[in-house]
Amino acid sequence: MNRLLQAIALCCVLILSVVAQSQESTDSFWTATVYRVDLANGYVVMDDTVYYLAPRVNYNGNMIPGTAVLSQLRSGMTVRIEAEFVAGQNRILALQTRF
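In terms of mature numbering (1 follows the signal peptide of the UniProt record, and there is no 0), the sequence shown is residues -22 to -1, 1 to 77.
I should point out that these hints are in silico values taken from the structure, not numbers from a laboratory. Positions of the beta carbon are idealized from the N, C-alpha and C atoms, including for glycine. Careful: at least some of the hints might be erroneous.
As the list claims (entries may be wrong) - Restraint-style ranges between C-beta atoms, simulated for each label pair:
id, residue 1, residue 2, range
1, Leu(-19), Ala65, 50 to 60 Å
2, Arg76, Pro33, 14 to 24 Å
3, Gly66, Arg(-20), 51 to 61 Å
4, Arg58, Ile(-15), 41 to 51 Å
5, Asn19, Met55, 10 to 20 Å
6, Asn19, Phe63, 12 to 22 Å
7, Arg(-20), Thr56, 51 to 61 Å
8, Gly66, Gly39, 25 to 35 Å
9, Asp26, Ile(-15), 52 to 62 Å
10, Val28, Arg58, 10 to 20 Å
11, Ile(-15), Met41, 42 to 52 Å
12, Thr27, Asn(-21), 54 to 64 Å
Using the sequences and the accompanying hints, generate a full structural model.
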């Protein structure tokens, strides 16, 4: 009986730890400073890294064309970005100017 209670207690602890991990923040954004925006070639330089924009970008919670996002960026802005590395390029998937 004692072993059964220990096994049940262990299961409860494991379940609670899984639930707690699933509720942890999965924020994959990081902060960057815009240094240069090149509208003609479709990229932005932030923190010494060149980023291209995905065809559609989550910009402050709204999905808009990546080219429209570029026109909103200015040198010196601090932004939060989520990006991926695709086909040899860093590609911005989401960008926040309000955080």
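> Which of the numbered hints above does this structure break?
Replying inline: The structure conflicts with no hint, since it agrees with every one listed earlier.
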